[in-house]
Amino acid sequence: MRDDSKRWADLQGRSAGIEAPGLIVKPLELARLTLVSSPKVLTQTKLPLVEWPDVVTDAAYALSLRRDRVLEVNGPARRDGWDDKAGLAISDITDGYVQVELAGENALALLRRGTEIDLATPSRSVARLLFGMGVFVYRYGDETTYRLHAASAHGEALWHALEDAAKHLT
Amino acid sequence: MTSFRITEPTGAALTFQFDGKTYTGVKGDTLASALLANGVLLMGRSFKYHRPRGPWSAWVDDPNAIMSVRKDGVELPNCPATTTYLEDGMEARAVNAWPSARRDIKGGLDLFHRWLSAGFYYKTFMWPDWHLFEPAIRKMAGLGHVTDEVIEGYSADQIHDRCDVLVVGGGPAGLAAARVAAEAGQDVCLVDDHIACGGGARLMGQIEEMDADTWVAAQVDGIKAAGGRVLTLATAYGVYDHQMVAIIENGPFGRAPRLRRMRAAKIILASGAIDRPITFANNDRPGIMSVTGACAYLAQHSVLIGKTIALASNNSFADGAEAMLSDAGADVIRIDPKAGAMRALGVKHVIGLVQNDCTHPVDAILASGGQTPLVHLWRHAGGKLHWCENRQAFLPDTCPINMVAVGAANGAFDVDTALAEARAAGKGEKVKRLAASYKLTPLWPSPGSKGRQWIDFQHDVTLKDIELAARENYVSVEHLKRYTTLGMASDQGKTSNMAGLAAMASIQGKPIPEVGTTTFRPPFVPVPIEIYHGHHKGQHWHAPKRLPCETLHRAAGAALGEYGGWLRPAWYGAGGMAKRVPQEVRMARENAGIFDGTPLGKIEVMGPDAEDFVNFIYYNTIKTLKPGKIRYGFMLSEGGIVYDDGVIARVDQNRFIISCSSSHVDGVRTHLEAWRQDGNDPDRIFIHDTTQHWATITVTGPKARDILEALDLGVDLGPGNLPHMSFIETEWQDTPLRVARVSFSGDASFECSIRRSRATDLWTALLDAGKPLGAGPLGLEAMAVMRAEKGYIMIGKDTDGETMPHDLGFSVPREKKTAAFVGDRSLHMEVANDPARKQLVGLRVANGAQMLPIGAHVVSGSKTPRSLGYVTSTYDSPTLGHPIALGLVENGAARMGETVQVWHLGKTFEAVIASPVAFDPDGERLHA
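From first to last, the protein sequence lines are chains A and B. Under my numbering, think of the first position of the first sequence as 39, with each following residue one higher. Under my numbering, think of the first position of the second sequence as 12, with each following residue one higher.
Read the hints as simulated data drawn from the structure, not as lab findings. For glycine and all other residues, C-beta sits at the position ideal for the given N, C-alpha and C. Be careful, since some hints might not be right.
One side only, chain A facing chain B, incomplete, derived with CB under 8 Å [what the hints assert, rightly or not]:
no.	residue
1	T95
2	T153
3	T183
With a straight-line Cα cutoff of 25 Å, these simulated DSS-like cross-link-like pairs (lysine-lysine) come out [said to hold, decoys possible]:
no.	chain 1	residue 1	chain 2	residue 2
4	B	K782	B	K808
5	B	K277	A	K123
6	B	K443	B	K475
7	B	K349	B	K475
8	B	K438	B	K277
9	A	K123	B	K443
10	B	K828	B	K634
11	B	K438	A	K44
12	B	K548	A	K44
13	B	K32	B	K117
14	B	K828	B	K640
15	A	K205	B	K82
16	A	K205	B	K548
17	B	K441	B	K117
18	B	K828	A	K64
19	B	K277	B	K521
20	B	K441	B	K277
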């Protein structure tokens with residue numbers, strides 16, 4: 039085995055963000071993320087359900103991931119495991135994702151560098167592949183602000199991908 | 012006389028070089044038009060024979076004028092001169108020629124053409140070894156060379172896009188279709204590969220009673236006013252699944268192009284048509300050009316190809332061309348190519364045309380054997396073609412996707428019919444192919460005729476090569492293509508395929524459609540590989556997952572390596588692997604090691620059917636596992652092959668946590684989901700992969716418990732309360748902590764899992780607690796040694812694509828498990844019971860003997876030795892003080908104590924087959 043330490047730079051602090059014409063990218067901290075699965079979870083959840091290309095305005099909401107799974111964002115605290123009474127599978131996944139917020143008129147153009155996405159094609163799920171990495175993407179606050187959730191271990195790679203793609207914005 | 016510009020150019024002159032000589036051109040010129048304006052016809056040398064060549068056409072169908080171009084320190088090879096727009100300061104050089112295209116030193120090769128026909132290399136250089144000759148041959152032939160200079164900032168943009176209607180081609184038909192569709196409210200995108208739209212309109216005086224330029228501008232304005240987009244310098248070069256069209260967008264020279272992946276609900280193909288060459292003797296000489304090409308140079312660049320021009324054409328377009336050239340001052344001699352065999356005179360420049368013993372002194376020959384619609388994208392999409400006798404061309408027929416062809420691409424060579432078709436397509440109406448006034452006399456190559464007649468200009472394939480291929484029975488067009496390399500050059504046979512297959516049809520006495528076409532594949536034009544990788548390059552090519560403690564590992568001097576998709580510490584500290592790994596092993600065996608096991612899987616299986624499901628997924632019986640306990644087990648493929656090994660913990664009746672191999676998490680999650688949804692009730696089983704939420708720090712060694720106790724967890728960590736293969740859930744500093752007694756080292760181990768954001772705190776606390784006890788960080792390489800000492804396997808290293816669980820010594824479930832499980836049936840097939848199956852063994856060497864090489868073969872002792880298996884893991888054990896090895900050996904379990912020969916790269920070693928467990932066989936340390 040060889041020492042490949044120098045092939046990758048150390049993990050970078052992200053407080054500075056990325057700025058490009060019509061775009062600001064910033065890391066985002068969220069209080070709680072909870073995976074909840076059930077056959078009827080999309081209708082069971084009491085939180086506003088978010089699909090693509092919905093614009094979320096609430097502080098707490100549920101991302102529709104697939105027909106039987108949501109990701110509760112800033113939702114109520116729950117106990118991990120199988121809730122036999124409610125018929126829910128529950129897992130705290132707060133540290134499982136990193137969040138990035140993209141704001142500005144070029145935010146969608148940046149996303150389109152890494153995934154096939156447009157506002158005219160709705161989806162029941164916010165899950166996508168962005169630059170080859172699994173993410174959840176949706177709009178938050180207004181029509182030109184987007185939130186991304188990516189696997190924590192891919193946070194560094196996602197940030198580099200966004201930085202590279204932003205260089206092509208004019 | 013040679014080519015020249017007929018009017019004084021306006022605007023600032025652009026200075027450039029070709030083969031070291033300085034010329035000037037004007038804005039809007041291509042390299043080819045600028046050279047023609049300066050009287051330069053000879054722009055390159057052919058691929059094989061180094062024949063002098065000039066441009067055949069004015070755009071993408073030119074096979075001849077290929078150059079390496081340099082500007083501002085950027086050099087790009089293989090730039091087509093006909094499509095490279097001129098910029099001030101360009102330095103162009105013909106490829107495959109030295110010192111210049113005009114005086115190419117290898118031009119004499121053409122004298123040996125009799126011995127260099129198709130198949131020459133295959134037949135001649137077979138003995139003793141093709142590779143002896145290959146370097147020299149490749150050096151003599153070929154195109155441009157890639158320099159070893161790095162082009163700073165040469166990074167291609169990629170963007171995904173969509174539209175309702177994508178129109179390919181900005182000629183009259185494309186513009187009309189796009190405008191109608193846009194005005195009907197469709198989201199329209201029109202792409203054209205020139206710097207401005209117009210296409211065939213450039214060769215027309217008027218369209219719909221308007222000046223052609225005015226008409227084109229009006230259509231472009233109309234499209235934009237209706238909300239449509241017009242992309243110029245953009246070539247649609249391929250059609251892929253689900254109506255995705257790849258578009259390359261070129262910019263200034265030296266800037267990487269952009270790749271636009273356009274998903275179009277409907278595609279209107281208005282890509283036009285090109286002139287077919289006429290096959291006659293010496294038809295490749297500089298000065299022989301397509302009729303359309305010569306007209307394009309005249310219309311777009313005011314460049315006349317010659318003063319006295321022979322115009323040989325079999326179709327009605329020649330009349331308009333003759334008038335255009337005559338109006339520009341040329342003397343045009345009409346030649347009927349059917350009237351007799353033609354032969355061009357001249358070597359570096361045409362000086363005459365001979366037909367029926369009549370010599371016409373000319374300085375250019377324009378040729379057209381008919382129009383060939385550009386149907387490449389149609390065929391990429393899987394569209395069918397049919398043969399049109401009237402037009403002597405393959406035309407679009409049916410298409411499996413929502414694509415429609417209009418204009419010349421659909422055989423509508425008259426502008427009026429093209430516009431009618433296009434507008435119908437734009438409205439979404441069915442396109443009916445209308446009768447055209449275009450007339451032609453069939454004109455195809457005549458096999459057996461005299462002289463060297465070129466079929467494929469770029470790859471130097473002649474009519475005689477086609478005849479030779481037919482004689483040697485390469486009669487299928489696909490075989491013909493590969494035998495002669497017809498159509499395999501960078502121009503993808505745009506000008507050669509029709510002539511080649513027509514020649515083969517004639518030789519075989521078949522109609523052309525019975526011979527058929529070869530497969531059209533993307534890209535339609537050459538594109539740089541740069542556009543494909545996008546962000547995925549360098550360290551981002553396949554970005555590894557990163558540990559939360561990476562910065563701490565680096566601070567501790569970790570050597571990082573990529574293991575199973577994660578960047579992980581291989582060892583710590585200076586001195587290299589050979590020095591540090593044994594030190595870490597001894598530290599962990601004597602005191603304790605602290606190991607970052609964060610990548611270990613943490614996949615939760617929950618729900619009322621979770622128990623039955625994991626019992627089904629695992630080879631081992633899991634149903635009997637009690638809450639708080641952990642069990643080791645295998646997951647098998649349906650073929651009974653070991654897919655993953657790991658442990659599973661039961662939290663309560665309806666909740667399990669699967670800790671699979673670190674590199675296998677994504678695969679295991681997919682495996683579980685597949686089986687959950689197939690053969691099980693997905694409404695009663697749920698799988699949450701929480702691996703990313705949890706970090707795992709393992710403390711292993713005789714002092715591991717002491718270190719854990721320093722954390723003051725407030726729980727009894729003794730073997731009575733927390734024995735091997737059990738776990739507890741507790742808290743550390745108000746954060747949930749899961750402590751599992753699982754070992755991969757063979758010593759007592761505590762796997763501590765905590766949420767990722769607290770990982771650095773836990774790592775630091777454990778190191779601080781361990782330091783006074785002689786413990787320190789433990790890298791993955793040391794852990795690999797320790798697990799091998801204990802005989803623990805690594806999937807994919809100590810197993811292969813045939814290993815079944817009983818090959819690893821786990822045969823009880825196969826014999827006794829009554830419940831169904833994945834892979835069960837395959838474990839009872841004949842192959843699974845073969846006594847010669849390779850089984851896991853240990854391999855011991857004599858005292859003082861050297862370590863066995865990894866991958867070395869255990870061989871039979873017969874005169875003709877064969878492999879009985881191989882060494883899968885091998886280490887010099889710091890713990891035991893002698894080498895150890897694991898291997899897979901035929902019937903290994905029954906060979907315990909047998910001395911075997913081990914062979915590697917000509918060297919033979921001796922080893923004794925033994926138990927895989929070399930360290931603590933009774934498990935006293937494990938259970939401590």
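Hint check results:
no.: 1; hint: T95; in the structure: 27 Å, violated
no.: 2; hint: T153; in the structure: 6 Å, holds
no.: 3; hint: T183; in the structure: 20 Å, violated
no.: 4; hint: K782(B) x K808(B); in the structure: 33 Å, violated
no.: 5; hint: K277(B) x K123(A); in the structure: 51 Å, violated
no.: 6; hint: K443(B) x K475(B); in the structure: 41 Å, violated
no.: 7; hint: K349(B) x K475(B); in the structure: 20 Å, holds
no.: 8; hint: K438(B) x K277(B); in the structure: 12 Å, holds
no.: 9; hint: K123(A) x K443(B); in the structure: 65 Å, violated
no.: 10; hint: K828(B) x K634(B); in the structure: 11 Å, holds
no.: 11; hint: K438(B) x K44(A); in the structure: 59 Å, violated
no.: 12; hint: K548(B) x K44(A); in the structure: 16 Å, holds
no.: 13; hint: K32(B) x K117(B); in the structure: 20 Å, holds
no.: 14; hint: K828(B) x K640(B); in the structure: 20 Å, holds
no.: 15; hint: K205(A) x K82(B); in the structure: 23 Å, holds
no.: 16; hint: K205(A) x K548(B); in the structure: 15 Å, holds
no.: 17; hint: K441(B) x K117(B); in the structure: 55 Å, violated
no.: 18; hint: K828(B) x K64(A); in the structure: 54 Å, violated
no.: 19; hint: K277(B) x K521(B); in the structure: 37 Å, violated
no.: 20; hint: K441(B) x K277(B); in the structure: 13 Å, holds
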